[in-house]
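Engineer: Please arrange chain B on chain A, whose structure you already have, making use of the hints.
As given, the protein sequences belong to chains A and B, one line each in that order.
Note that my numbering gives residue 99 to position 99 of the first sequence, counting from 1, and the numbers run on in steps of one.
Throughout, my numbering is defined as the position within the second sequence, counted from one, plus 1000.
Because the hints were derived from the structure by calculation, they are not lab data.
Accuracy of the hints is not assured; some may be wrong.
Said to hold, decoys possible - Examples of chain A residues lying across from chain B (beta carbon under 10 Å, computed):
id, residue
1, Gly-93
2, Met-99
3, His-109
4, Lys-121
5, Val-122
6, Ala-126
7, Arg-201
8, Leu-203
9, Tyr-293
10, Thr-294
Positions of the beta carbon are idealized from the N, C-alpha and C atoms, including for glycine.
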Amino acid sequence: MTRERHPVLDGHWPETERDFMAYVEIENVSKAYGPYKIIEGLDLNVADEEFVVLVGPSGCGKTTTLRMIAGLESVTGGTIRIGDRDVTQLRPGLRNCAMVFQNYALYPHMTVSENIGYGMKVRGEARATIEKAVKDVAKILDLEQYIDRRPKQLSGGQRQRVAIGRAIVRSPDVFLFDEPLSNLDAKLRIEMRTEIKALHRRLAKTIVYVTHDQVEAMTMADRVVVMNRGRIEQAADPITIYEKPRNLFVAGFIGAPSMNFIHGEIVARDGALFFIEPSGTVLAVPKSREAAYTASIGKLVVLGVRPDHVVHQGAPAGSFVRMIVRDVEPLGPHTLVIGTVGAFPFTRRCRSELPPSPIGPFDVGLDLQRAHLFDKASGQAIVA
Amino acid sequence: MMRNDPIKHVFIWPAVLVVLAISIFPLIYSLTTSFLSYRLIPPIPPRVVWFGNYVSLLQEPRFWNAIYTTTLIAFIAVGLQYTIGFAVALALNARVPGERLFRVALLLPMLLAPVAVALVARMIFNPTMGPLNQLLGRFGLVNLPFLTNGHWALGCIIAVEVWQWTPFVVLMMLAGLQTLPEDVYEAAELENASAWQQFWGITFPMLLPISAAVVFIRLIESYKIMDTVFVMTGGGPGVDTETLTLFAYQEGFKKFNLGYTSALSFLFLIAITIIGVTYLALLRPHLEKRR
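Just chain A, with the same shape it has in the complex (with noise of 0.2 Å):
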């Protein structure tokens, strides 16, 4: 990637260099206000053009963590790096970064092109060039109507629109998007998801994008990166983070409905392990897992069962929890049904064509083989 001079970094990095990867590298970043550390020793790499999703529960960090590679906040510790420039002290404005923030955070005294060509018009640029780029972004995200309208006048989606347009207008290094679609309802959500992932593709560029909505996280992300109160519990692609979560919290944060958790012990019988719900159900471990499982032996551990991890013919022997069925909730194209396991909430995914679920005691064969094995006192996944 060739790199134009740029009237404001200009300076700010060795004339020499010509191709600049927009990779960001937090490391060791820490932050507090006063006595309360929101995050601690962070370190996250970010690849070029990578398409990067913070996702967490609120007051998780993602948002601090963003606001600090923007600028916006400053680091108690730690370096930020983008490309190879260090921009841990630099101000905002020097960091060639640009932000879609959550409620977009556009001028409302301005139109929608001098909304978009502001940046420009602060750099000084000639009018022209203004008016050719604020076009041809107006242009790609479908505005050209809008161009003289306020963002009164507008309605979510295109305010959003417009936000994007005021990022992509000066061509940055990183995209940073802030919760941007938490204001829009449920369809406007699923298009503008769309149109943000063509627009990576597009434009080709790093994106660093926050987020508390995992369904958001899942469909744009090419890397997840799952945080709890200020750390880190996984990165990782979707699927994987999907398929083979590190620990309870990301197990139980991402997937829709939640992971069904079961507590109870792994133990030895004539050969074979067995884990014991206190509730007297016994499922039989499958051979292919008992290598790993050994070790956990007399520990407490958690059984994680995904809701569409059962099994509805057919299920071996050893295999079956009695689950008390409370409520069945057809969504369409699949059944919730909800319940408990002994003492533990429970909830399996039907197809709906199946016969409901009677209210009242049902035995449910699980799929052993995809289930999941956690170390109740770390938390951590027991990998098979």
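Structural biologist: Relative to the frame of chain A, chain B by itself:
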């Protein structure tokens, strides 16, 4: 309750009558008086002169002088109040240490009675015995004719007006500043807009509606300036600092020339209306953009 319920008259008419009695009636009464030659001293029976009072007023140089003086005071004082007030509000909005103390201290002048302020100012500016000239004397400077020279006296009145009413601008602009969204500034920050660019590109245009209101209120109020001038200079030296209200006071309560004074106050009303309408007409295109 239905729209046609006759009970509505019971609620509406008392209000209408009160408004008529305390607002419309005096206005009509004074309008009628303005068409009369009506003097209390010596007591001559009123005589209808139609626009006679208006004509002689418009031919009176003292009237035009009062208009000029009032306009000068109003525009310079309000201009300074707005500029200084906005700057102070910006400073207070930036969370300086001790900001709350500043806030209270800066609002105090506005709470004082203008007469009291003018009295204090008259003492401070007293050319021979005032502390200001004494202080200047210490530095070897000559006594300045603060209240005895027309230009200096105007300057002193403007200074007092600015001192007393800038806090009002601070209060209003600060309230406006606090309603501005923060993320807009963060967006500008990411665009590398300087503080100056952020002010002219974002803060000033976003506060234009409130600025328009503040300037409008202060302008109208300044045109009605009376007590400060009355106490500080009494319109003097000569008529150099005589404002419209002071002129009206002199005519009405020194000469008891009531018809003339009524005509004067109506001309005053017309002048203020013209200024107000022009002001709003000039600003309208800018304000409407912000709807």
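Engineer: Determine for every hint whether it applies to the structure shown.
Structural biologist: How the hints compare with the structure:
1. With its C-beta approaching chain B no nearer than about 3 Å, A/Gly-93 sits inside the 10 Å limit, and its interface hint holds.
2. A least Cβ separation of about 5 Å between A/Met-99 and chain B falls short of the 10 Å threshold, and the interface hint therefore holds.
3. Among the interface hints, the one on A/His-109 holds; its C-beta lies about 5 Å from the nearest C-beta in chain B, closer than the 10 Å criterion.
4. Look at A/Lys-121: its Cβ gets to within about 8 Å of chain B, closer than 10 Å, so that hint holds up.
5. Annotation: interface hint on A/Val-122 holds; nearest CB of chain B at approximately 4 Å, less than 10 Å.
6. A cut of 10 Å between beta carbons decides the hint on A/Ala-126: the least distance to chain B is about 17 Å, and the hint is violated.
7. Because the smallest distance between the Cβ of A/Arg-201 and any Cβ of chain B comes to about 24 Å, over 10 Å, the interface hint for this residue is violated.
8. Taking 10 Å as the C-beta cut-off, the interface hint given for A/Leu-203 is violated, the closest approach to chain B being about 17 Å.
9. The interface hint given for A/Tyr-293 is broken, as the beta carbon of that residue sits about 50 Å from the closest beta carbon of chain B, more than 10 Å.
10. For A/Thr-294, the interface hint is violated, the least distance from its beta-carbon to any beta-carbon of chain B being 54 Å, above 10 Å.
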